[in-house]
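Engineer: Listed below are the residues making up each chain.
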Amino acid sequence: MNKKEVFKLAKGFRGRAKNCIRIARERVEKALQYSYRDRRNKKRDMRSLWIERINAGTRVHGVNYGNFMHGLVKENIQINRKVLSELSMHEPYSFKALVDVSRTAFPGNKNVTSTPKKEGLSMLV
Amino acid sequence: MAMSLSCASSTFTSIFNHKNSSPTTSITFNFSSNSPATSISSLRFNYPSCNRSLNSYSIVPKLSQTEAPSVESETGAETEATEFEQVQPAEQTLTATEAKGEEVFAVVMIGGRQYIVFPGRFLYTQRLKGANVDDKIILNKVLLVGTKTSTYIGKPVVPNAAVHAVVEEQGLDPKVVVFKYKKKKNYRRNIGHRQPNTRIRILGITGYQDSPATTLP
Chain S
1 MNKKEVFKLA
11 KGFRGRAKNC
21 IRIARERVEK
31 ALQYSYRDRR
41 NKKRDMRSLW
51 IERINAGTRV
61 HGVNYGNFMH
71 GLVKENIQIN
81 RKVLSELSMH
91 EPYSFKALVD
101 VSRTAFPGNK
111 NVTSTPKKEG
121 LSMLV
Chain W
1 MAMSLSCASS
11 TFTSIFNHKN
21 SSPTTSITFN
31 FSSNSPATSI
41 SSLRFNYPSC
51 NRSLNSYSIV
61 PKLSQTEAPS
71 VESETGAETE
81 ATEFEQVQPA
91 EQTLTATEAK
101 GEEVFAVVMI
111 GGRQYIVFPG
121 RFLYTQRLKG
131 ANVDDKIILN
141 KVLLVGTKTS
151 TYIGKPVVPN
161 AAVHAVVEEQ
171 GLDPKVVVFK
181 YKKKKNYRRN
191 IGHRQPNTRI
201 RILGITGYQD
211 SPATTLP
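Line order of the protein sequences matches chains S and W. Take 1 as the starting number for the first sequence in full-length UniProt numbering and just add one per residue. Take 1 as the starting number for the second sequence in full-length UniProt numbering and just add one per residue.
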């Protein structure tokens, strides 16, 4: 990479790393290494985000994530977590239909259906 | 956007009345606010004649050529698709449907990835080999179809459901710099990469009426 390309990639860096070539080259190389690594990490992070969202969406209906996915697997429904999380956010009725299907396939949740107890200041709400 | 419409409409003007506006970014979908009898919110497009005409259009022989690209692109998944269709008839449990509104969405699997799809919007997918611009494509792996009143959940695929789409453009993704570096070993590799992609525009979702569904409150 010549200097022009290095400075183009070093936009927004802190201090001398955006202006002085010796420092900028090091930081740019580090930044590119991080982006290589993080392109792989992004896939992991997104999947755990989807799982969190699906968990939140199913617990509203009294089912937790593990039992929900087990029910879907039993019913041979192959919708992936990305789409499930999108449905739980934007298509609540379709998501509820999926939760019901999973619940009939695998009713593992009889003890967990109660709403969580409010403690502290949230009792006032 | 207007350019692509003019290319597509040159061959399909007789059937598709494109009343499209630019695709919107929000995906909010209020079932509670619209009753099934009333018509659409501003987010969606009207295809009152198109849904019915699409069924008849599928007989046209040109589509038999364009089905090949959708099949070729799912090389590994294709063998699974044939197995799925044998499994489906054994698992029909849910009740019949109500009248659907125009607003409908589907979850479709293309190139190994799943997308939520609305009629009238476009979508970037993996490059579909053998598909030329303005080819009509039918996507068969429809995992879920949702309308305003009912949801059709596929196990794993909704039977006889098809999503019709037009290939708009075969381009490349933005460049990604793949930089490999090992410290103190004088090893540096700087490679640029642009993944080929295909932009397809979804025309309509058909064929799901017969399958069982859950009706929504």
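A portion of the hints provided could be inaccurate.
Dumping the calculated DSS-like pairs for lysine-lysine here, alpha-carbon to alpha-carbon at most 30 Å [claimed, not checked]: (1) W:K129 - S:K11; (2) S:K74 - W:K180; (3) W:K129 - S:K4; (4) S:K42 - S:K96; (5) S:K30 - S:K74; (6) S:K30 - W:K129; (7) S:K18 - S:K82; (8) S:K11 - W:K175; (9) S:K42 - S:K11; (10) W:K129 - S:K18; (11) W:K183 - S:K8; (12) W:K183 - S:K42; (13) W:K129 - S:K8.
Hints listed in this document are in silico derivations from the structure and should not be mistaken for laboratory results.
Engineer: All the hints need checking, so say for each whether the structure fits it.
Structural biologist: We went through each hint and held it up to the structure:
Between the alpha carbons of K129 of chain W and K11 of chain S the distance comes to roughly 38 Å, so the proposed pair goes past 30 Å and is violated. For a cut-off of 30 Å, the pair hint linking K74 of chain S to K180 of chain W is broken: about 43 Å separates their Cα positions. Only pairs whose Cα atoms come within 30 Å are accepted, and K129 of chain W paired with K4 of chain S is rejected, the gap being roughly 37 Å. With a CA separation close to 28 Å, the supplied pair K42 of chain S and K96 of chain S stays within the 30 Å bound.
Annotation: proposed proximity of K30 of chain S to K74 of chain S is violated, straight-line Cα distance about 46 Å (limit 30 Å). At roughly 37 Å between alpha-carbon atoms, K30 of chain S and K129 of chain W are farther apart than 30 Å, so this suggested pair is violated. The suggested pairing of K18 of chain S with K82 of chain S is violated, with an alpha-carbon distance near 37 Å, which exceeds 30 Å. For the given pair, K11 of chain S sits about 17 Å from K175 of chain W by alpha-carbon distance, which is consistent with the 30 Å threshold.
Of the supplied pair hints, the one linking K42 of chain S and K11 of chain S holds, its CA atoms being roughly 23 Å apart against a limit of 30 Å. About 42 Å separates the Cα atoms of K129 of chain W and K18 of chain S, which puts this hinted pair outside 30 Å; it is violated. Restraint check for K183 of chain W and K8 of chain S: satisfied, since their Cα atoms lie roughly 23 Å apart, inside the 30 Å limit. Only pairs whose Cα atoms come within 30 Å are accepted, and K183 of chain W paired with K42 of chain S is accepted, the gap being roughly 24 Å.
At roughly 35 Å between alpha-carbon atoms, K129 of chain W and K8 of chain S are farther apart than 30 Å, so this suggested pair is violated.
In summary, the numbered hints that this structure violates are 1, 2, 3, 5, 6, 7, 10, 13.
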